[in-house]
Amino acid sequence: MSEKYIFKKIKQSNMFPQLPHVMLRLIKACNSEKTSIEELTEIISTDPSLTSRLMQILGSKYMNLPKTVNNIKTAVVYLGKDTIRNIAVSTSAMRFFNFSNSAPESVIGKIWYHSYKCGVIAKKIAEENNFPNPDEFFLAGLLHDIGRLVLLQNFPEDYKAILQTSSNEKQTISAEMEMFGADTPQISAWLFSQWNLNPLISDAVFFINESIQQIEGALSHVKVVFISNFLARHDALEKIPEIISLTDVPPTRLEQIVIEAEKQVQEMAKRLDIKLGEAQDTFYEDSLKTEIKNLSLFYGTLQNLMHARDIDTVLDIVHNGFKIVFNIPRVFYFLLDEKKNILTGFCSSYDKSYKIIKSIALPLSNQTSLLIKCLKELKVQNSLKTKDSEKLAISDTQIIRLLKSKGIYCIPIYSSEKASGVMVLGVDETGAKNLEDNKGLVKLFSKQTGVCIQGVRFYKEYAIDIHEKKMEAYSTLTDKVIHEINNPISIIKNYIETLGLKLPDKHPAQDELLFIGEEMNRVAGLLDQLRSFSRPKIDGIESVDINRVCQSILELLKKSILLPRQIEASINIDPDIPEAKTDLNGLKQVLINLIKNSAEAMDKGGKITLTTRFLSESQKILIDEKKQIPGNIELIISDNGPGIDENLKETLFEPYTTTKIGSSNSGLGLSIVHSIVKELNGQIRCESNRGKGTSFIVTLPVSSLKKE
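In this note's numbering, the protein residues as written are 14 to 721.
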């Protein structure tokens with residue numbers, strides 16, 4: 014084997030052997046709210062494989078961290094308990110679900126013992142010399158043999174032959190070079206560079222097996238790691254005189270460090286129940302693995318999914334899960350919009366293609382797209398398996414280019430045979446094979462994602478349905494009331510008019526009849542308001558300049574309502590708003606009612622701001638059909654008034670609910686607004702903080718506003 018082939022093989026792999034004891038302890042610690050960052054750091058520090066997995070994830074260019082992470086504690090702070098737990102669970106799960114042991118636990122135990130002891134000694138020597146970032150030295154010592162673990166995992170049979178024929182480290186290194194074209198230090202150093210660790214640390218690992226004479230002229234990082242590896246041997250105390258020339262630390266202190274490190278390693282091994290140099294009890298090991306397997310199934314990504322309350326959170330959790338379990342750095346989602354018969358794009362807000370993906374939509378009529386095929390057949394689709402004669406759809410090719418991958422692996426998102434969308438993973442041949450080899454786990458991700466998305470949507474749709482049914486009941490009742498009241502009102506008005514005609518013009522009763530007539534007209538006006546709420550009348554769709562309408566309405570209300578109340582009004586317009594096809598009178602009524610509502614809430618003056626925005630990210634491009642679905646417009650009416658009580662928010666848009674305390678207001682204004690906005694195929698929501706003010710946000714589509 015060549016060195017180039019070895020590094021390529023390792024780079025395609027994301028699995029390292031791990032001690033199940035550390036996994037179990039870490040999982041339990043992550044599940045406890047009382048566990049501190051320091052405790053997590055201590056647990057992780059006991060296992061080279063887990064440490065390397067953390068550093069691999071943090072070193073990824075997709076993490077886009079503000080600074081380089083060079084120690085375990087910082088890694089824990091950046092990733093957080095949930096991600097730490099997911100890494101532990103996922104890594105251990107993959108091992109127990111899919112892989113046989115690559116080497117006896119006793120061999121792994123010996124590597125752990127030497128690595129952990131080397132890390133402890135390195136940190137103590139760094140502290141003794143007052144070097145900055147002593148944890149960096151610990152990391153180097155702990156992971157200096159990670160290359161051996163990787164070789165064991167990826168070439169188990171070849172490496173077992175090396176273990177059987179080599180009796181010491183020198184023979185092992187020589188056999189590695191002969192077998193693989195690279196040895197443990199070279200592979201470990203290469204991994205360090207792949208994780209974007211301090212190059213000095215990488216060099217320290219690379220030169221760890223050089224002669225003492227060569228190390229004498231090296232930098233401090235190289236010397237400290239070399240000394241630590243030297244002192245981590247079983248005969249270290251006898252060999253201390255040989256390395257005195259490499260350090261200013263007195264020999265007596267070096268002896269103390271070795272003894273302290275040995276004690277610390279033994280205590281940790283005892284705490285983790287690792288029997289160093291002995292074969293572990295088979296029954297205990299099996300039961301331990303079973304417990305981890307159960308924890309793996311219960312916790313991790315799937316557990317986090319169960320706590321998600323919105324679709325964006327669900328998708329982010331699944332994205333992190335694929336990154337941790339399968340080392341898939343980028344995932345795009347295309348969720349089903351049944352009303353528009355399209356798949357609409359989503360991805361993590363941290364992804365560099367976020368804006369592009371959010372603007373993409375695929376029509377369900379596209380029969381050649383793997384995404385549409387995946388959705389309709391509820392089967393995984395792999396572009397790398399596509400025959401040469403089957404040309405990929407333009408949309409599939411564009412998505413592959415956006416993912417910057419060799420191909421795409423499409424996974425249906427569904428639950429109870431009902432599709433919610435498609436997950437699109439960027440893969441190469443190795444990544445696709447890894448997913449194929451773990452179909453059960455992939456299916457679990459798929460179904461759980463589908464359950465969560467459908468649950469979130471059901472909750473939202475159920476709330477809307479309940480509100481709409483309640484409003485429909487109000488409307489039906491209102492229609493009946495209007496009909497019943499209109500009859501006697503018409504009769505009374507006719508009698509008043511007749512009576513007025515029978516009496517002389519200057520009869521004293523004429524004034525009373527005029528007053529009664531005016532009051533009856535006022536009642537009729539109230540009924541018209543009720544009718545507007547019950548069945549809002551949309552005159553017709555026309556092209557409307559949103560900004561101009563907002564400016565004219567605000568100017569009109571300044572003179573009649575705002576200035577008399579000492580209310581300052583301002584407008585922030587978005588010049589990029591396109592003309593909208595909507596009902597002009599309906600839009601005016603919405604704006605007038607909302608501005609009046611804000612003004613009436615501020616008896617002692619205040620400020621009202623009207624803001625217009627074009628939500629460019631809401632535009633969708635049907636990439637295969639070269640068509641565009643227009644986006645949405647947002648109108649925001651904000652005030653700095655008293656705010657709205659929490660107990661009113663749930664019923665805010667229901668009729669006869671008023672935000673004015675002690676007011677004789679009918680409470681129909683917001684109900685009418687809600688009905689008109691709904692008729693215009695838009696949405697309205699309210700954000701309010703008691704004592705700080707209220708904002709009403711109206712979202713309207715640019716076109717096709719009227720429901721068919």
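Think of the hints as simulated: they come from the structure by calculation, not from any bench. C-beta: ideal position from N, C-alpha, C; glycine also. One thing to keep in mind: the hints can contain errors.
Cβ pair distances, simulated, as ranges [claimed, not checked]:
1) 190 to 441: 25 to 33 angstroms
2) 663 to 565: 31 to 39 angstroms
3) 52 to 352: 46 to 54 angstroms
4) 397 to 207: 23 to 31 angstroms
5) 584 to 700: 18 to 26 angstroms
6) 273 to 51: 35 to 43 angstroms
When the alpha-carbon atoms are kept at most 30 angstroms apart in a straight line, the in silico DSS-like pairs for lysine-lysine are as follows [what the hints assert, rightly or not]:
7) 446 to 417
8) 571 to 515
9) 431 to 392
10) 571 to 691
11) 493 to 515
Here is what the structure says about each hint:
1. 190 to 441: 25 to 33 angstroms: holds, 28 angstroms
2. 663 to 565: 31 to 39 angstroms: For residue 663 and residue 565 the Cβ distance comes to about 34 angstroms; the hint holds.
3. 52 to 352: 46 to 54 angstroms: Holds, since residue 52 and residue 352 (Cβ atoms, about 50 angstroms apart) stay within the stated range.
4. 397 to 207: 23 to 31 angstroms: Hint holds: Cβ distance 24 angstroms, inside 23 to 31 angstroms.
5. 584 to 700: 18 to 26 angstroms: At 19 angstroms between Cβs, range holds.
6. 273 to 51: 35 to 43 angstroms: Cβ of residue 273 to Cβ of residue 51: about 19 angstroms, so the range 35 to 43 angstroms is violated.
7. 446 to 417: With Cα atoms ~18 angstroms apart, residue 446 and residue 417 stay inside 30 angstroms; holds.
8. 571 to 515: Cα-Cα ~46 angstroms, so violated.
9. 431 to 392: Given that 30 angstroms is the threshold and the Cα spacing comes to 13 angstroms, the pair holds.
10. 571 to 691: holds, 27 angstroms
11. 493 to 515: Distance ~34 angstroms between residue 493 and residue 515 Cα, so the pair is violated.
In terms of the numbered hints stated before, the structure departs from hints 6, 8, 11, listed from lowest to highest.
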